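Participant: Residue numbers (numbering that gives the first Met the number 0), protein chains in the order written: chain A, 0 to 120; chain B, 0 to 499.
Be aware that one or more of the hints could be misleading.
[Unchecked claim] Stretch-level coverage of chain B by chain A, calculated; a stretch enters the list once three of its residues show a Cβ under 8 Å from a Cβ in chain A:
| id | region |
| --- | --- |
| 1 | 142 to 152 |
| 2 | 159 to 166 |
| 3 | 169 to 180 |
[What the hints assert, rightly or not] Here are the simulated DSSO-like cross-link-like pairs (lysine-lysine), alpha carbons at most 30 Å apart as the crow flies:
| id | chain 1 | residue 1 | chain 2 | residue 2 |
| --- | --- | --- | --- | --- |
| 4 | B | K356 | A | K120 |
| 5 | A | K120 | B | K155 |
| 6 | B | K356 | A | K32 |
Treat the hints as calculated values from the structure; they're not laboratory data.
Because the structure is a prediction, the values reported are computed rather than measured.
Think of the CB as a built atom: it goes at the ideal place given N, C-alpha and C, for glycine as much as any other residue.
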Amino acid sequence: MIELFQQYYAYWFIVLAMLLGLYGILFKRNLVKQLIGLNMFQVAVILFYVATAVKPDGDVPVIDPEVGAVAAAYMNPLLHTLMLTAIVVSVGTMGVAFALIITIYRRYGTLDEVELLERMK
Amino acid sequence: MTEHIVVLIPLTFLLAALLAPLFGAWRDRAAYWVVLAATFVVACLSLYGLWHVAIEGAVRYTMGGWPSSVGIEYVLDPLSAFFCAVISVIAFVVLVHARKVTPRELPGKEIPYYSVVGLLLAGLSGIVVTGDIFNLFVFLEISSMSSYALVAMGDKRAPVAAFRYLILGTVGASFYLIGVAFLLFETGTLNMADMGRALPLMLDDPNVILGLALILLGLGIKMALFPLHGWLPDAYTYTASPSSALIAPMGTKIAAYGVIRIAFFVFSADYVSRQLPYADLIAWLSAAGIIFGSIMAIAQKELKRLLAYSSVAQIGYIGLGIGLANPLGLIGALLHVLNHALMKSLLFLVAANLRAKVGHSDITKLDASLRKKMPWSMFGFTIGALSMIGIPPTAGFFSTWYLALGAIDKGAWVFVAVLVVSSLLNAVYFFRVIEKIYLRSPDAVDKVEEDEQAPRRLLGTAEVGWSMLAPVLVLAVAIFVAGFLNAWIVETFLRGMVPL
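Required output: the full structure, derived from the provided sequences and hints.
Facilitator: Right, dumping it as structure tokens:
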């Protein structure tokens, strides 16, 4: 049990962050808090990718002439590059989401979901 | 030259999205014409591509000349060419209609609106042509983000609907991304074709099984598969009319494309239906969605909301075809992608015409005066409704027919029953509207008013202008054409797409 935790502890924290994010999305009434949950969820996914790129004693993925092109000696750069794109996507989503939140607040004067439903009628 | 079609399809839309604001700064209306011209060009390209691919087979394009194992590969095969053609042709028809509607519904916002429409179409067509599973995620998010923006540009409640759509859509995309991670670790590649070759060796691996489940869950949210459809009705109802006519026929179907591509091409029909229960699960959820969406549609008083719930039901048809995982079922699903795109855009365009001329699309207030005021729009609506119910020889009948054949082929009689019941429920909610517009006599006040305007009425001046009428009629005719030519469409194009 302890071994399982020690070996994969990064993943346990990622799963925890993911669940916290989902909790925020599902159970928080305030739209900004829902958005925080959403962002936690996205960041957890990004961390998941990055965590899997790690290799024991891996180095920065720039070929070192002394080591040579040995794949095992470097971190996996592909996952980092993919996540650069994913981060851009998540920033874009956040931008759209905040623009929506501002519009909602200007129109209804509240960000509480229950109150919002009241005022929408 | 031909291989460049693949990449020109999304890039033309992207270019139009960038050029629209620039041209808009020069002349307000120019933004519209830029996007319309781009859509026309892409429609021609994809129709040519569809023809070319049907004869000569798939076209591959490697970005920047990097081999597909390292770089990103774009592929135009029969399936993607078909979706490209549906997207661009329907988008062109809807945009022709949008010329008069957008300035009225979204005054002063036309330039950003058309730019976002360009982005949406770039995203949708990108999803379809990419041969890279991570690139699909990027395009999925481009199209989703533009959908959120388009949904938010509507009536007062639209931003709230858009926000809900955003939360659910992003969660769906994140699930998809985790699923991709699992498949990437196991196969070491992101290219769909390479992944498809590597996967058969590791089908029992729990990571692969979990990865596929997460991908299907993510795409299921985007597809509004019951019970993950919560975002859809509000989003389609509150947005501006051109957006609902653009997003409703394509948005959810693109996710269905993702499911087809990954379940049947990257994985195999045998794997998702026999080794794992995923296909059955999709079929049962879709069947529940068909019934639920139809019943909810009966309860609606507002035409756009009715159509939105009907979309939940109709995506169920496509999901059912996917879930049957046999050739006939899949042909039915693909044919329904085309038919539903025609019907749903037609019906949403008529709802837009009603809003433009009558000022609302509240079913309870419709009456028979409309038959005289807007005879052609109402004719279009009737054709669309008959096709939704599935009355031959309209297109809707034939896709339902193939789905039913697929269900019989599989011995799944429950699904045949579901399809029949759904047709009946469709008849209930569409005849409710048709009865109002043809039979319900307008009340006395309206009659007096009408008699004064009798000469005008006879001339039919209350009908909408040609730019809003022509798309409706073209789609109405297309429903019949697609119905009569269904055997040719299936034999020439769809057979080649089914990987079974």
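Participant: With reference to the structure, classify each hint as holding or not holding.
Facilitator: A quick look at each hint next to the structure:
1. 142 to 152: This one holds; 4 residues, not fewer than the three required, reach chain A with a Cβ under 8 Å.
2. 159 to 166: holds (count 5)
3. 169 to 180: holds (count 7)
4. K356(B) to K120(A): 25 Å, holds
5. K120(A) to K155(B): At roughly 11 Å apart (the allowed maximum being 30 Å), K155(B) and K120(A) satisfy the hint.
6. K356(B) to K32(A): 42 Å, violated
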